[in-house]
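Novice: Chains A and B are the protein sequences, given in the same order. Basically our numbering = 1-based index in the first sequence + 682. Basically our numbering = 1-based index in the second sequence + 301.
In short, the hints are calculated from the structure, not lab data. These numbers were taken from a predicted model, which means no experiment stands behind them. No residue lacks a Cβ here, since even glycine has one placed at the ideal position from N, Cα and C. Every clue listed holds true.
A few chain B residues facing chain A, derived, Cβ under 8 Å: (1) Leu-328; (2) Leu-444; (3) Ala-464.
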Amino acid sequence: MRGRANARPRMRQRFELVMLLTPAFLLFAGFVLVPIVVAVYYSFYKWNGFGPLNDVVGFANYRRALSDTVFQHAILHNVIIAVLSLVIQLPLSISLALLLNRRLRGRGFLRLVVFAPYVLSEAVTAVMWLMLLQPDGFVDHLFEAVGLGSLVTTWLASTHVVLYTLFVVITWKYIGFGIVLLLAGLQGIPGELREAAALDGATPWQATRQVTLPLLGPTIRIWIFLSMIGSLQLFDIVWIMTKGGPAGASTTMTTYLIDKGFQSYEFGYGSAIAVILFVICFAFALLYQRFALRRDTAGALTRMVG
Amino acid sequence: MTSLTLATRPPRHPHSHGPQSPAGTALAYLAGIVIVVVTVVPLLFVLIGGFRTTAQINESPTGWPHPWIWENYRIILTSASFWRFLLHSALIAVVATFLAVGCGAMAAFALSRYAFKGRDALYGFFTIGLLFPLTVASLPLYLWLRKLGLLENMFGVAIPEAAFSLSITIVILRPFMRAIPAELEDAAVVDGTTKLGFFWRVLLPLSGPALTTVAILAFVTSWNFYILPLLVFNDPYTLPQGVAAFQTQYSQDTARVFAFTFLSIVPTLLFFVVAERRIIGGLTGAVKG
Numbered sequence: 683m684r685g686r687a688n689a690r691p692r693m694r695q696r697f698e699l700v701m702l703l704t705p706a707f708l709l710f711a712g713f714v715l716v717p718i719v720v721a722v723y724y725s726f727y728k729w730n731g732f733g734p735l736n737d738v739v740g741f742a743n744y745r746r747a748l749s750d751t752v753f754q755h756a757i758l759h760n761v762i763i764a765v766l767s768l769v770i771q772l773p774l775s776i777s778l779a780l781l782l783n784r785r786l787r788g789r790g791f792l793r794l795v796v797f798a799p800y801v802l803s804e805a806v807t808a809v810m811w812l813m814l815l816q817p818d819g820f821v822d823h824l825f826e827a828v829g830l831g832s833l834v835t836t837w838l839a840s841t842h843v844v845l846y847t848l849f850v851v852i853t854w855k856y857i858g859f860g861i862v863l864l865l866a867g868l869q870g871i872p873g874e875l876r877e878a879a880a881l882d883g884a885t886p887w888q889a890t891r892q893v894t895l896p897l898l899g900p901t902i903r904i905w906i907f908l909s910m911i912g913s914l915q916l917f918d919i920v921w922i923m924t925k926g927g928p929a930g931a932s933t934t935m936t937t938y939l940i941d942k943g944f945q946s947y948e949f950g951y952g953s954a955i956a957v958i959l960f961v962i963c964f965a966f967a968l969l970y971q972r973f974a975l976r977r978d979t980a981g982a983l984t985r986m987v988g
Numbered sequence: 302m303t304s305l306t307l308a309t310r311p312p313r314h315p316h317s318h319g320p321q322s323p324a325g326t327a328l329a330y331l332a333g334i335v336i337v338v339v340t341v342v343p344l345l346f347v348l349i350g351g352f353r354t355t356a357q358i359n360e361s362p363t364g365w366p367h368p369w370i371w372e373n374y375r376i377i378l379t380s381a382s383f384w385r386f387l388l389h390s391a392l393i394a395v396v397a398t399f400l401a402v403g404c405g406a407m408a409a410f411a412l413s414r415y416a417f418k419g420r421d422a423l424y425g426f427f428t429i430g431l432l433f434p435l436t437v438a439s440l441p442l443y444l445w446l447r448k449l450g451l452l453e454n455m456f457g458v459a460i461p462e463a464a465f466s467l468s469i470t471i472v473i474l475r476p477f478m479r480a481i482p483a484e485l486e487d488a489a490v491v492d493g494t495t496k497l498g499f500f501w502r503v504l505l506p507l508s509g510p511a512l513t514t515v516a517i518l519a520f521v522t523s524w525n526f527y528i529l530p531l532l533v534f535n536d537p538y539t540l541p542q543g544v545a546a547f548q549t550q551y552s553q554d555t556a557r558v559f560a561f562t563f564l565s566i567v568p569t570l571l572f573f574v575v576a577e578r579r580i581i582g583g584l585t586g587a588v589k590g
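Okay, chain A solo, but in the shape it has when bound:
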């Protein structure tokens, strides 16, 4: 038996490889790559999705997208969410993780509770907060109860406030993931390093800044990557809570995409938007992995993306 198998090992290996790799290849090519190609193709047409595909418009869809102020604002909104995540969520997650990284009673329970919002769907989160933020609802009453009633506003109907309201909801859902991720990162840092720094006369604050935070660097950089990709694709929460309104004040790139593609049946134009989103995501991911993640991953990620 084995003798015959060894006589044609190459053939046999080739056969096994084809058997093992074909399902994954077809699945991946058919449903991840083909849509990108489809989008690029349609983006050069003006097409309502139903008639014949014969109105070639070249780059007109791209020019229109980039000069549309609503789309420009959508990009700006995504950038605002990304920046707010960096300057508010990240420091907050790091401080809380540093604070909680000690022997505490009920640590397991805390971890469970903190992480729970992350496993809820964005849809449920959005509906829940929609109810809490109703005018004269739970949040308004809470503000009044602590004497801040004068701050109460129409959280989701004011063009000035809506984006920040959404950011608070996003923070509620995602901060726990950050804290648990950073706590796991802190577990990997030997306590002896801080003790050594203390022996050398470092204050706790200095030890944190000079020893702990640099060693937490890889975890922080991964958090930033996930948070930025998350900010770029923001959809469910915004769509359910505001549909991008009022008056486009909370439109994001993906709500704009769905709005144009499905509400207005502009599939050619929508495809151009999708291609622009691809390019933004790819550009960010590649640059970030090249320059920020490279040293952490020892080539694993930079190699795999070229």
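Given chain A's structure and the hints, the job is docking chain B onto it.
Specialist: For chain B alone, coordinates are given in the frame of chain A:
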């Protein structure tokens, strides 16, 4: 959910906790309590709101149920639509998970334990999915599914979800399978097993923990997915769609929306409490290595 993997896992250190100053510890407890309150109160508010009537809620939005009403929960638990949403979400998530883990495990085996030309390029190809989320591809995916005749079809949701889960599945499984000692493979071959037999009878059982992790990742991602079912189905089909649609339809009946919302959270919370270690380990481990 986008994730990626680091090559190494930092070792756990027994003395990794910070200095235990009493003031810091007190502050830590305070912060812990604040976090728990901020997280739990909105959920409790939804739960308790479901035990009130809409009239009670309109009269006093933050009041306690008086009297406690079981009606809202009873109506939803006896309605066919709630269980239908639940069943649809479960079916789609199971199909997506099996597809992603099945295809992913086979591919990861080929990419980890065979030497062939173009192996690294192929691996790189499979990791492209980490670079952009499904949401971004939703509109072209919809056009493509329409062409394939997969609209209004649960496979039109499950298959693309599996395809997008494939990247992280392969990225997690490959190093795990690679780390299994070659001696085991040699021993299996000496015992007369083929390489595929080794995969099926030795490698897959040994990869249990990693397979559980990727299965949980694929399942949770699919279970919570909103945008793709939204595009594929005209009428609400999955639970996330159901919650959003119910809120729109019964926006005047606040109490019922509370009850529906909370009931739709229950399966997720139960699953989370039961598999907490695996889920947190999987979701944070997937990005940490």
